[in-house]
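Asker: Make a model of the complete structure from these sequences and hints.
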Amino acid sequence: MKTRELQYIIFCVITVLLLFAPPMRDALERSMTTHVLIQLAGLATGGWLLGMAFRGHLRRVMLIVNANGVSGLVLGLFAMSFWMLPRMLDESITDPYVEAAKFVTVPLLVGAPLAISWPRLNPVLCSLLKVKVISALLILGWLYIAAPDRLCTNYYQSDQVLLGQLMIAIAGILAVAWSLPWFIVDGARKRTRRAKSHPAWRGSPGLG
Amino acid sequence: MTRRRTRIRLLPSLVATTLVLTAGTSALWIKTDGARAFTSESARRLTITRYPRTPPPALLEASDRRLFTLEKLHGRIIVVDFVYTNCPTVCVSLGSAFTRLQAALIESRRDDVHLLSIGFDIARDTPDALTAYGRRHLADPKRWTLARVASPRDLQPLLSAFGIVVISDEYGGFTHNAALHVVDHQGRLVRIFDTDDIDGVREFIGAKRGS
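So the sequences go chain by chain: A and B.
Following this note's numbering, the residues of the first sequence are numbered contiguously, the last one being 204.
Following this note's numbering, the residues of the second sequence are numbered contiguously, the last one being 1416.
These are calculated hints, taken from the structure and not from any lab test.
Any given hint could turn out to be false.
[Stated by the list, open to error] SDA-like cross-link-like pairs, simulated, lysine to any residue; straight-line CA separation at most 25 Å:
(1) A:Lys128 - B:Leu1219
(2) B:Lys1347 - B:Thr1274
(3) B:Lys1236 - A:Thr101
(4) A:Lys128 - A:Val32
(5) B:Lys1236 - A:Ser77
(6) A:Lys126 - A:Trp114
(7) A:Lys128 - B:Ala1228
(8) B:Lys1236 - A:Leu24
(9) B:Lys1277 - B:Gly1411
(10) B:Lys1236 - A:Val129
(11) A:Lys128 - B:Ala1240
(12) A:Lys126 - B:Thr1223
(13) B:Lys1236 - A:Pro144
(14) A:Lys126 - B:Leu1233
(15) B:Lys1347 - B:Ala1412
(16) B:Lys1236 - A:Arg21
(17) A:Lys126 - B:Gly1229
(18) B:Lys1236 - A:Ala132
(19) A:Lys126 - B:Thr1222
(20) B:Lys1236 - A:Leu139
(21) B:Lys1277 - B:Asp1333
(22) A:Lys126 - A:Gln161
(23) B:Lys1347 - B:Gly1411
(24) B:Lys1236 - A:Ile34
(25) B:Lys1277 - B:Ile1327
(26) A:Lys126 - A:Leu73
(27) A:Lys126 - B:Thr1227
(28) B:Lys1236 - A:Ser27
(29) B:Lys1236 - A:Tyr93
(30) B:Lys1236 - A:Glu95
(31) B:Lys1236 - A:Leu81
(32) B:Lys1236 - A:Val32
(33) B:Lys1236 - A:Trp79
(34) B:Lys1236 - A:Met76
(35) A:Lys126 - B:Leu1226
(36) B:Lys1236 - A:Trp138
Keep in mind the model is a prediction, meaning the values are calculated, not measured.
Answerer: As structure tokens, this is what we get:
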């Protein structure tokens, strides 16, 4: 195991432990906004670091069961939507078993598979995913702002509205960040070069 | 030849993706009760509808300081709501819901239906405060009882049995899942309605007439 990979693992453990420490956990779970945007996002990031550590080691297995990163991507997206259910936010606070399950499965089933699958993704699928993330954030954000009632019995409506507004803000930031490169570098030349080198481009339909 | 080999190599990934899709959909389906309950509030209502339950026998103190238990009201349908008398927002709409419901009961001569408001703010929901709250909402003592738990330790079990979560807010008040809870003749909590769903309650207890 390389030092780099060991570092990733250590950072992952530190992230998850920090978020799991009772004072931090209670503080973050007191508000719906920090519960979702800091705790859940942090756990997924911890998992992402773990995935980075194992990217190289799992290469042969991934070549077999995770061609183009599709199965890993689907796993990550499903696990993410599961923990984003308002019901699960409530249950993870009230039920210690659900809480424990959250701390184990968000890193392992959301962050890690996405980190492993991301570089394997077909560029077309990758762009599609970016669009999907932005639209999901916009829809959820709008839903949280417009919902007449509280979605979680443990949180205030004002908190829910704040989370919705921040989600829309994040969607805006991502949209700008992901489209900015188009205005800095003209991709046409770069893309032809990449098409020759990157196996995923060769395999994608219409690009031969 | 190469094409054939590629296709075979992709098969395990296809199987893996299918497995993940199936497991993921099943998990979401089960955890949302078949896409019917995405929030814990809708889950609570669905559970009660499917599995009616009898609340614990808590001793209550009415606004006229008489002590009674829920069991004493058996044989009648009880519509229960949870309030705190200092509440500026939700409880006012709950109060007006009960006012409208009471009017409807008088109109349809439903003497077998009783309204019960339970105050959960033990310190401030004194009998006097409850009486004032009742007067504000034109409560008819024969049809609408206002009460609090006689002993504070009975409060949490009662709230849990009904599935009420109370969180205190930054203004010294509370936020809670407000709803209309219907308890049937046998004392079982059988159905939960939205605060403004008076018609739903009327229809439901209308069907239960004389049963």
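Asker: Compare the structure with each hint and give your call.
Answerer: Verification of the hints:
no.: 1; hint: A:Lys128 - B:Leu1219; in the structure: holds, 22 Å
no.: 2; hint: B:Lys1347 - B:Thr1274; in the structure: holds, 16 Å
no.: 3; hint: B:Lys1236 - A:Thr101; in the structure: holds, 15 Å
no.: 4; hint: A:Lys128 - A:Val32; in the structure: holds, 19 Å
no.: 5; hint: B:Lys1236 - A:Ser77; in the structure: holds, 11 Å
no.: 6; hint: A:Lys126 - A:Trp114; in the structure: holds, 11 Å
no.: 7; hint: A:Lys128 - B:Ala1228; in the structure: holds, 21 Å
no.: 8; hint: B:Lys1236 - A:Leu24; in the structure: holds, 24 Å
no.: 9; hint: B:Lys1277 - B:Gly1411; in the structure: holds, 22 Å
no.: 10; hint: B:Lys1236 - A:Val129; in the structure: holds, 23 Å
no.: 11; hint: A:Lys128 - B:Ala1240; in the structure: holds, 22 Å
no.: 12; hint: A:Lys126 - B:Thr1223; in the structure: holds, 23 Å
no.: 13; hint: B:Lys1236 - A:Pro144; in the structure: holds, 23 Å
no.: 14; hint: A:Lys126 - B:Leu1233; in the structure: holds, 23 Å
no.: 15; hint: B:Lys1347 - B:Ala1412; in the structure: holds, 23 Å
no.: 16; hint: B:Lys1236 - A:Arg21; in the structure: holds, 24 Å
no.: 17; hint: A:Lys126 - B:Gly1229; in the structure: holds, 21 Å
no.: 18; hint: B:Lys1236 - A:Ala132; in the structure: holds, 20 Å
no.: 19; hint: A:Lys126 - B:Thr1222; in the structure: holds, 20 Å
no.: 20; hint: B:Lys1236 - A:Leu139; in the structure: holds, 20 Å
no.: 21; hint: B:Lys1277 - B:Asp1333; in the structure: holds, 23 Å
no.: 22; hint: A:Lys126 - A:Gln161; in the structure: holds, 19 Å
no.: 23; hint: B:Lys1347 - B:Gly1411; in the structure: holds, 20 Å
no.: 24; hint: B:Lys1236 - A:Ile34; in the structure: holds, 24 Å
no.: 25; hint: B:Lys1277 - B:Ile1327; in the structure: holds, 22 Å
no.: 26; hint: A:Lys126 - A:Leu73; in the structure: holds, 12 Å
no.: 27; hint: A:Lys126 - B:Thr1227; in the structure: holds, 24 Å
no.: 28; hint: B:Lys1236 - A:Ser27; in the structure: holds, 23 Å
no.: 29; hint: B:Lys1236 - A:Tyr93; in the structure: holds, 15 Å
no.: 30; hint: B:Lys1236 - A:Glu95; in the structure: holds, 15 Å
no.: 31; hint: B:Lys1236 - A:Leu81; in the structure: holds, 9 Å
no.: 32; hint: B:Lys1236 - A:Val32; in the structure: holds, 19 Å
no.: 33; hint: B:Lys1236 - A:Trp79; in the structure: holds, 10 Å
no.: 34; hint: B:Lys1236 - A:Met76; in the structure: holds, 14 Å
no.: 35; hint: A:Lys126 - B:Leu1226; in the structure: holds, 20 Å
no.: 36; hint: B:Lys1236 - A:Trp138; in the structure: holds, 23 Å
Figure legend: structure checked against the earlier numbered hints; every hint is met.
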